[in-house]
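Same order as they appear, the protein sequences are chains C and D.
Taking my numbering, the leading residue of the first sequence gets 5, the next gets one more, and so forth.
Taking my numbering, the leading residue of the second sequence gets 76, the next gets one more, and so forth.
Think of the hints as simulated: they come from the structure by calculation, not from any bench.
One or more of the hints may lead you astray.
[Stated by the list, open to error] If you want the footprint, here are the derived chain C segments under chain D, 3+ residues with CB under 8 Å:
1. 144-153
2. 181-193
3. 234-240
Just so it is clear, CB atoms sit at the ideal spot from N, CA and C, and this is done for glycine as well.
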Amino acid sequence: MATSSSLDAKIPQGPIETKWSKYKSSVPLVNPANKRNLEIIVVGTGLAGASAAATLAELGYKVKAFCFQDSPRRAHSIAAQGGINAAKNYQNDGDSIYRLFYDTIKGGDYRAREGNVHRLAEVSGNIIDQCVAAGVPFAREYGGLLSNRSFGGTQVQRTFYAAGQTGQQLLLGAYSGLQRQVGMGTVQMYNRHEMLDVVNIDGKCRGIIARNLITGELERHGGHAVLLCTGGYGNVFYLSTNAMGSNVTAAWKAHKKGAFFGNPCFTQIHPTCIPVSGEHQSKLTLMSESLRNDGRIWVPKAKNDTRPGNEIPENERDYYLERRYPAFGNLVPRDIASRAAKERCDAGYGVGTSKLAVFLDFAAAVDRYGHGEANKNNIANPSKEDIITWGKAVVKEKYGNLFDMYKQITGEDPYEVPMRIYPAVHYTMGGLWVDYNLMTTVPGLYALGEANFSDHGANRLGASALMQGLADGYFVIPYTIGSYLAKEIGTGKIPTDHEAFVQTEKEVKDRIDKLVSIQGKTSPELFHRRLGQIMWDKCGMARNAQGLKEAIVEIRALREEFWRDVKVMGTTTEFNPELDKAGRVADFIELGELMCIDALTREESCGGHFREEHQTEEGEALRDDENFMFVSAWEHKSIENWELHKEELIYDNIKIAQRSYK
Amino acid sequence: MSAGNMHIKLKVWRQSNTNKGGFEDYSLDGVSPDMSFLEMFDVLNEQLIEAGTEPVAFDHDCREGICGACSMYINGRPHGPLRGVTTCQLHMRSFNDGDTIVVEPWRAEAFPVIKDLVVDRDAFDRVIAAGGFISVNTGNAQDANSLPIPKEAADDAFSAAACIGCGACVAACKNASAMLFVSAKISQLALLPQGQAERSIRAEKMVAQMDAEGFGACTNTGACSAECPKEISMVNIARMNREYIGAKISSTAV
Ligand SMILES: Cc1cc2nc3c(=O)[nH]c(=O)nc-3n(C[C@H](O)[C@H](O)[C@H](O)COP(=O)(O)OP(=O)(O)OC[C@H]3O[C@@H](n4cnc5c(N)ncnc54)[C@H](O)[C@@H]3O)c2cc1C
Ligand code: FES
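Can you build the whole structure from these sequences, using the hints too?
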């Protein structure tokens with residue numbers, strides 16, 4: 005591994021409050037006649053991709069959009085539960101653009117870029133306006149105005165939501181805008197298509213090779229710019245809260261074609277997920293962070309207490325988050341809550357059969373809401389039963405679908421007994437490195453949404469991914485892409501018979517043929533599971549040098565074994581999910597290696613990256629700002645060989661400090 | 076950790092480019108009651124791969140009951156025996172040791188089979204593209220709180236918007252009608268003030284596209300709503316009929 009000089013993020017000059025507005029008023033424009041001749045390829049139609057594709061088409065560009073599901077409406081964004089942040093200050097509780105900016109930088113443990121985060125906070129309000137106008141049915145108060153709740157790492161109520169289905173409602177809103185353009189013929193939609201490589205000509209990205217997943221045919225698509233909106237790579241751990249199909253392939257192919265990968269080891273482990281129940285488990289289910297508004301987290305004070313949660317008396321419970329972090333209590337950021345749960349379980353206080361779980365308890369909330377309802381209806385001496393009934397009804401209205409899901413999966417009724425929860429892989433802050441324009445290190449190739457290394461530093465705050473995806477797609481890329489495309493108006497249509505397309509298509513085909521020709525003994529699924537186990541054990545919630553070094557060796561061996569022993573059934577010219585999976589697992593294996601290298605190189609703890617060698621006496625993450633206040637951007641050189649580039653992080657507007665939520 | 080000790084027999088529809096389709100019988104041991112229905116299929120597929128047979132293709136993604144991808148017709152019911160539950164959220168504890176389970180794809184002319192249990196639901200996307208939106212370009216919006224919406228209207232719109240577009244309603248209906256799906260979108264937007272400007276044209280265009288796709292007529296049997304994993308209400312269909320008739324009376328288009 006070599007390291008080299010620093011990277012330029014192209015952040016506009018000037019005071020933080022005016023960077024974006026000045027940029028917007030000075031960015032080169034493309035006139036409508038020229039827009040019609042410029043083609044943009046959007047890969048991925050989750051929140052980031054659907055909003056970008058629709059908006060760019062509205063502006064007059066010719067857009068082609070791709071997704072691997074059977075419909076854009078099924079992108080992984082659909083599963084987001086809890087909410088979306090915006091600095092509207094509708095609650096009059098002291099919120100502001102600056103505070104959202106500050107919370108995000110602090111929440112990210114001072115590893116995010118100031119310029120981008122401020123822009124994100126500035127456009128956050130417009131997102132809510134846009135979504136409401138498009139018919140997104142956010143939760144409302146009786147007066148007809150929008151309702152808010154709190155998420156972790158903040159002390160204001162700035163989260164907008166639609167029950168526990170916020171992602172669904174936002175995506176269906178963005179999807180309907182996209183379908184409107186599809187209906188008008190300004191977006192051509194390619195569903196059940198998988199992008200398998202990018203095509204570069206003379207140093208610029210000029211298109212993609214995609215595979216029609218129904219027929220297996222390879223297709224060449226040319227464009228003046230390519231936007232990767234392909235989501236995160238949490239499934240490198242096999243078990244995660246991500247959808248089964250979420251994968252790194254698009255980003256990884258781009259990485260191997262010159263796009264640097266930013267902070268690959270920054271992974272978010274979410275504190276409140278349903279614990280693993282058996283070895284056939286295929287995925288983990290999140291219980292939204294919004295539940296921490298009303299749920300209290302605890303473990304028994306005694307080790308190995310096997311009584312059901314509701315039978316353990318109050319004075320024998322340890323509400324460890326409230327105890328350790330009185331200022332934020334159950335609403336500390338995710339990385340902190342996850343580590344605290346792990347600490348209690350490792351120390352022997354875990355609950356449930358596996359002992360790898362803590363309680364999330366709603367009894368106090370039911371009681372509080374029940375009394376609230378009694379007051380509202382002027383009932384003086386309500387019975388205990390009535391209080392509980394009314395309280396449960398309020399809880400049901402707020403979180404009903406989550407409670408149902410919990411019951412369906414575990415067979416236990418969370419209205420009666422406390423939920424059992426444990427941390428699980430959830431989100432990846434790392435991703436393709438992008439500059440202020442959201443452009444990767446390959447000119448013309450952009451990354452949006454969770455696919456980029458993003459604005460969340462080393463830890464993302466809840467309800468900020470939806471905000472970032474829609475900010476990128478609705479309000480950032482439509483401006484920033486102009487500065488590149490203004491210089492492309494003379495380029496003309498991209499010829500897909502160019503040698504670069506022919507060559508790239510051949511590479512893709514050769515790889516697919518190789519995958520089906522090996523005919524070894526092990527399914528892609530089993531390789532995936534083994535990779536996940538290595539990653540979770542050695543590059544998961546806590547990491548150390550020795551484990552990471554071992555992991556790198558093991559992953560290299562796994563890669564070698566994969567290409568010798570994988571067994572892919574079926575042919576290349578038909579609908580073949582096994583083949584799709586094999587290609588994705590192969591890419592995950594390579595990514596896993598880079599994640600471990602990145603984690604090993606970052607000799608500090610920050611946010612979700614916890615190196616056991618670097619912690620305070622109280623077990624909190626210990627940053628090393630002197631040596632590691634940079635974004636790691638990895639350049640792929642050849643197999644097992646990367647070069648590290650650094651983007652120095654400069655904090656002009658926020659005083660950096662040790663993060664404290666006490 | 077649940078030890079799997081159930082024994083299950085399966086009759087699964089297999090179909091491909093070269094095979095017009097038919098049932099295959101499989102037998103599975105070691106099934107755990109805590110497994111989801113799809114995890115049971117994962118086990119089956121691992122077993123098939125080991126035996127050198129092609130695994131069963133099925134659509135799935137979120138496995139949380141929200142993306143609408145999973146779509147198995149189980150023992151004669153879309154998404155199986157439980158009310159309000161998708162295939163991916165169905166667990167083996169809903170079955171008994173020794174049961175024989177019959178699994179088929181959605182059956183409807185508008186949803187042709189691609190392979191095994193996977194069908195083509197593009198028709199739904201085309202219905203939405205015909206009018207299932209509010210025409211508001213990015214940047215046009217006013218402040219979100221400048222338009223108060225009564226909580227009840229917002230809640231009703233949300234209930235209709237909870238549709239996951241899985242197609243169970245079509246699969247459940249003896250006429251393969253898509254009325255529940257289409258009416259849910261029309262209702263959502265008709266209930267909101269933002270949706271008023273295009274209210275009539277939306278209903279007309281979406282219904283016209285629905286008919287063009289070859290979905291059947293609605294005879295008010297109610298199977299769609301009974302089998303809907305999100306329990307979308309029949310009230311939406313009544314509302315859509317009102318919208319559509321109203322639109323036709325004043326129609327200038329379509
Ligand atoms: C269970 C869960 C709950 C969450 N809840 C919240 C929440 O409450 N608030 C919040 O802010 N965030 C939440 N998040 C995070 C948030 O949902 C995601 O970060 C965000 O939705 C990602 O959006 P995206 O548009 O970047 O990508 P995605 O929605 O993942 O979309 C990716 C798109 O790329 C396509 N794609 C990928 N690879 C290819 C390829 N090779 N070829 C073609 N197409 C491809 C896919 O088909 C899909 O269309 C949650 C995440 C999970 C897992
Ligand atoms: S897999 Fe998403 S709803 Fe079943």
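Verification of the supplied hints:
Under the rule that three or more residues need a Cβ within less than 8 Å of chain D, the assignment of the stretch 144-153 of chain C holds, with 7 such residues. Coverage of a stretch by a chain is defined here by at least three residues with a beta carbon nearer than 8 Å to that chain's beta carbons; for the stretch 181-193 of chain C and chain D the count is 6, and the condition holds. Closer than 8 Å: that is the beta-carbon criterion, and the stretch 234-240 of chain C has 0 residues meeting it against chain D, so the requirement of 3 is violated.
Of the hints listed earlier, the one the structure fails to meet is number 3.
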